[in-house]
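Novice: Chain by chain, the residues run as shown.
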Amino acid sequence: MGEMEQLRKEAESLKDQISAARKAVHDVTLPEIVSGTAVVGRVQLKTRKTLRGHLAKIYAMHWGTDSKLCVSASQDGKLIVWDSYTTNKVHAIPLKSSWVMTCAYAPSGNMVACGGLDNMCSIYNLKGKDGNVKVMRELAAHTGYLSCCRFLNDSEIITSSGDCTCALWDIETGTQKTIFSGHMGDCMSLAVSHDFNMFISGACDYTAKLWDIREGACRQTFGGHESDINAIGFFPNGNAVLTGSDDGTCKMYDLRADQELITYQDPSIMCGVTSLAPSLSGRLILAGYDDFNCNIWDSLKAERVGVLAGHDNRVSCIGVTPDGMAACTGSWDSFLKIWN
Amino acid sequence: MMDYSIAQVEAAKMPVINVEDLSDKDKAKMEVDQLKIEVKLERALVSKCCEEVRDYIQSGVEEDPLVKGIPEEKNPFKEKGGCVIS
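These protein sequences, in sequence, are chains F and A. Going letter by letter, the first sequence gives residues 765 to 1104 in our numbering. Going letter by letter, the second sequence gives residues 415 to 500 in our numbering.
Where hints are given, some of them may not hold.
Every beta carbon over 10 Å from chain A, so not counted as near; a handful from chain F, in silico [unchecked claim]:
{"no.": "1", "residue": "872"}
{"no.": "2", "residue": "920"}
{"no.": "3", "residue": "957"}
{"no.": "4", "residue": "992"}
Calculated pairs, SDA-like style, for lysine to any residue (alpha carbon to alpha carbon, straight line, at most 20 Å) [said to hold, decoys possible]:
{"no.": "5", "chain 1": "A", "residue 1": "443", "chain 2": "F", "residue 2": "771"}
{"no.": "6", "chain 1": "A", "residue 1": "441", "chain 2": "F", "residue 2": "950"}
{"no.": "7", "chain 1": "A", "residue 1": "488", "chain 2": "F", "residue 2": "830"}
{"no.": "8", "chain 1": "F", "residue 1": "787", "chain 2": "F", "residue 2": "1020"}
{"no.": "9", "chain 1": "A", "residue 1": "439", "chain 2": "F", "residue 2": "769"}
{"no.": "10", "chain 1": "F", "residue 1": "779", "chain 2": "A", "residue 2": "448"}
{"no.": "11", "chain 1": "F", "residue 1": "832", "chain 2": "A", "residue 2": "484"}
{"no.": "12", "chain 1": "F", "residue 1": "860", "chain 2": "F", "residue 2": "820"}
It should be emphasised that the hints constitute simulated quantities derived from the structure, not laboratory data. Even for Gly, the Cβ is constructed at its ideal location relative to N, Cα and C.
With these hints in hand, go ahead and build the complete structure from the sequences.
Specialist: Below, the structure is given as structure tokens:
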């Protein structure tokens, strides 16, 4: 038997064992556990603010930890930091490359980062001495586009890339401390755990992976989606993962059961999920879709309980404030909307 | 005389993994190695995990602003003052 054939057989056998082990703990379904729980009441959120200023498609947004400031990235070649309470632009940062796909706000509020088709993650210092926002570092090593980035702190950031890897960077030296490889398709999205020890990634190989940041190892792999995973986030309790895919569904996977608990789907939804965010308690999952809408799901009952309709083009990004007070949607129509 | 910054030296040492450059055999070996790690995982009962998800939500849902709504005076995004045209 050739070595390839041997490896293939070994992989199949291991996958069968994992499948059996998952089945062995699958003693009940989530719908059965919550059969006595009522569906949450209809959720009707209103647009409270519209953030106007970008001149082209918005690709990404991220809330700061103060739940007031947020950063957005547009293919007009700008990063804008907004005061969402007043709609004022705190910073309008011109980018070297307008092909931006992601942005992130550091937990400290001191920096923002972005990247895209330039394959780099650029770090900007918001608190420079002379008040000007300047590029602090350009993190270059990925051989594919930068799809997502998230700060661990002011000295470390995690990136995901179209080169199928994720990486942990030392911002000070501008170098990769760890490369996380294992995905067999473009990495599209990542989210960091609340304790900053783990992160999850979603990719075009239809899987989500849980990574141990310090060990540099993949701990778990979740399948089931039938197309690219574009969006990923931690459920607020930290023990479950939410994913959104081009297959039109969102899923919740539990880390400790190592399997899917439920799928959020509707036969009337025939387009991909671009973005998602849970509400503060996790009872609601807000998901943005290619059809210009955002659906609000009851996470326990897997029923749609609301819609955010108001954008004139694809909803590309969504984020709920850390304090849970509002959701922000960003769209290809160039606007951001704040809802609650 | 060449002067290299620490960053440049470190950058030269960085490992670069191009998944596209890996042979099919390398990828297959990577996959098997990863599966060997994952097969050893200890898995908790789905019932227990579902109950924890449900309990976590129940304990927080009453304070979830997007579920319960926000009184006008407490909403930082609500329009403040201004004229009302009637």
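Novice: The structure should be examined with respect to each hint, and the outcome stated for every one.
Specialist: We went through each hint and held it up to the structure:
| no. | hint | in the structure |
| --- | --- | --- |
| 1 | 872 | holds, 21 Å |
| 2 | 920 | holds, 15 Å |
| 3 | 957 | holds, 15 Å |
| 4 | 992 | holds, 16 Å |
| 5 | A:443 to F:771 | holds, 7 Å |
| 6 | A:441 to F:950 | holds, 15 Å |
| 7 | A:488 to F:830 | holds, 16 Å |
| 8 | F:787 to F:1020 | holds, 13 Å |
| 9 | A:439 to F:769 | holds, 10 Å |
| 10 | F:779 to A:448 | holds, 11 Å |
| 11 | F:832 to A:484 | holds, 16 Å |
| 12 | F:860 to F:820 | holds, 16 Å |
In this structure, every one of the numbered hints holds.
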